[in-house]
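Asks: Take a look at the letters that make up each chain.
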Amino acid sequence: MARVIQCIADNVVSPLGLTSAENYMNVKAGRSGLARFEEMGNVNSPFMLSRIDRSVIDTLCDELGIPQGDYTFFEKMLLSSSVQAVRESGIDASSDRVLFIISTTKGNVALLDSRIKGYSPERVLLGESARLVSRYFGNPNAPVVVCNACISGVCAQIEAMRALRSGCYDYAVVIGADEQSPFIISGFLSFKALTDTPCRPFDKDRTGLNLGECAATVVLKAVDDTVSDGWVLQCGAIRNDANHISGPSRTGEGSYLALMEVLKESGTEGLAFLNVHGTATAYNDEMESIAIYRAGLIDIPVTGLKGYYGHTMGAAGIMESILSMYAVQDGTILATRGYSEQGVTYPVNVSSANRPASGNRFIKLLSGFGGCNAALSYAYLKD
Amino acid sequence: MVMEQNTKLNYTLITDTSVQVNGRTLGHESAGAAMLNELYRAHVADWPKFFKMDTLSKVGFLASELLLKECGEERLGGEEYVSSRAVVLFGITASLCADKNYQETIQDKANYYPSPALFVYTLPNIVTGEIAIRNHYRGETSFYVLDGYDARTMAFNIQCAFQDRVTESVLAGWVDSHANDDFRCFFILVERDQAQDMAQLENDLNEIMDKLK
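If you're matching them up, the sequences are chains A and B in order.
So that you can map any letter, position 20 of the first sequence is 20 in the working numbering, and since no number is skipped, the others follow by simple counting.
To convert, take the position in the second sequence, counting from 1, and add 1000; that gives the working numbering.
To be clear, the hints were calculated from the coordinates, so they are not data collected in a lab.
Treat each hint with caution, since some may be false.
Unchecked claim - Just so you have them, the derived chain B footprint on chain A, three or more residues with Cβ under 8 Å:
id	stretch
1	121 to 127
2	146 to 153
3	240 to 248
4	254 to 267
5	359 to 372
C-beta: ideal position from N, C-alpha, C; glycine also.
The shape of chain A in the complex, shown without the other chains (with noise of 0.2 Å):
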């Protein structure tokens, strides 16, 4: 029998809020986490940053539970925002039949600053951290680390319903989250990627991302066919430009492919948007724009989350399914904050307002460093 893949619990701890519920809301009010920052340790020129305040996740955890320890912050966003979708799932997360996914570009990376003491050499390793999660919650499952640079979200999520589909696991334990530190900042600053101003995806006046710190989980569940209401995750793809390791493909080639793929597997019915990257640099709105028209879709509404939360890298795409998730369940399309004139050759339909939704699906996409690009379609169904 085939299985069916439910979200059936799901976490945002983000500067817009803690739960998922609380995050929609105050993205749909039009808040955005984003702040100017001057300087970060040795780097000294400004840039924008969705940063989660320390004492805010410090008080959280003390609130779940968590013992604080000698957690670095990473494992604290980790830890708080798995807790808690956990518990509202309310299944076992020490039982064999669960899986640990987690979902991150660089995780502890910041240990490696060598004024950080008193934490072991392999602390920094993404598999140390996984393990450190998947013991905490007693689970006895190797769990796997997705390392796919801003793609990463979206994959583990597939790379769960692939696990739940083969029959050897019930459940999988979904977790993204990236600490933003000097390490990062001080690379993509290098790259003359980021902007000191409010991203602007799509916009003609768009000068480049901004970068956000956000811990997203959800919790899937694999039922047998007949049960059919809920959230399900319906397929999803994964393809490579073949083109360059930093710079996306000027066709959208990987991201056209992945979207045809998901086509291909769930159509276009019921479709209330498209959620895509929307980084807001010069070359991956253009390069999103390109593959969607391929894909047939320019009609169909698109929105960004960017200029709410900056760029959440490891989060992203667990975050931006969730919010998606509400946006479709609340009839309403984000609007994709900092858009306000079409800068792209394929004007996409996208707004600087909210706009209420018709349908029960939306498909996400993502694009990232080392030409990889990745889509996937969630479905709402009722009984």
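Since the structure of chain A is provided, determine the placement of chain B on it from the hints.
Replies: Coordinates of chain B only, in the frame set by chain A:
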């Protein structure tokens, strides 16, 4: 005496002191980082982008080149691309070597010179992109990080990759690099039918993985 290979998979294996193709040792004079350049000149020679790569990418790239040559595959060129070949890699260190190298460029305020050419390799999946570009692969590319050698999880994830119905074969590998002169890697090519028997695949992977430990 000829050593019999139990595994049916074609494989290549590269560590900082040893290079093997399907169990045959490939000769080289140097070791560590120098050995990688020596291997490139002897067995590839037509892809100068190689010299821009970090250690993780160099090792993975060379292992893929040697494997595809052993398999007798003709490389696609011009406007020919294929989506049916996925590149799925695994490891413990991920980009740790590149991370340390990049950290050195931002550690001291007086000697602060972050460079995009170094930073881009602080993403471990870049090696999957390098291989995709070289071979015109537009299929899935993925990088999974585990907390130890784990043939079972590797076999499971390779098998799962075939749930993408476009994927007909997976160029899979294990690649780690602690430092520029400290690396270990093996690559295999798994066809769709070879991934159906997970116990067999796990056994094959264990057999090759044991040579890395």
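Asks: Of the hints stated earlier, which fail here?
Replies: none
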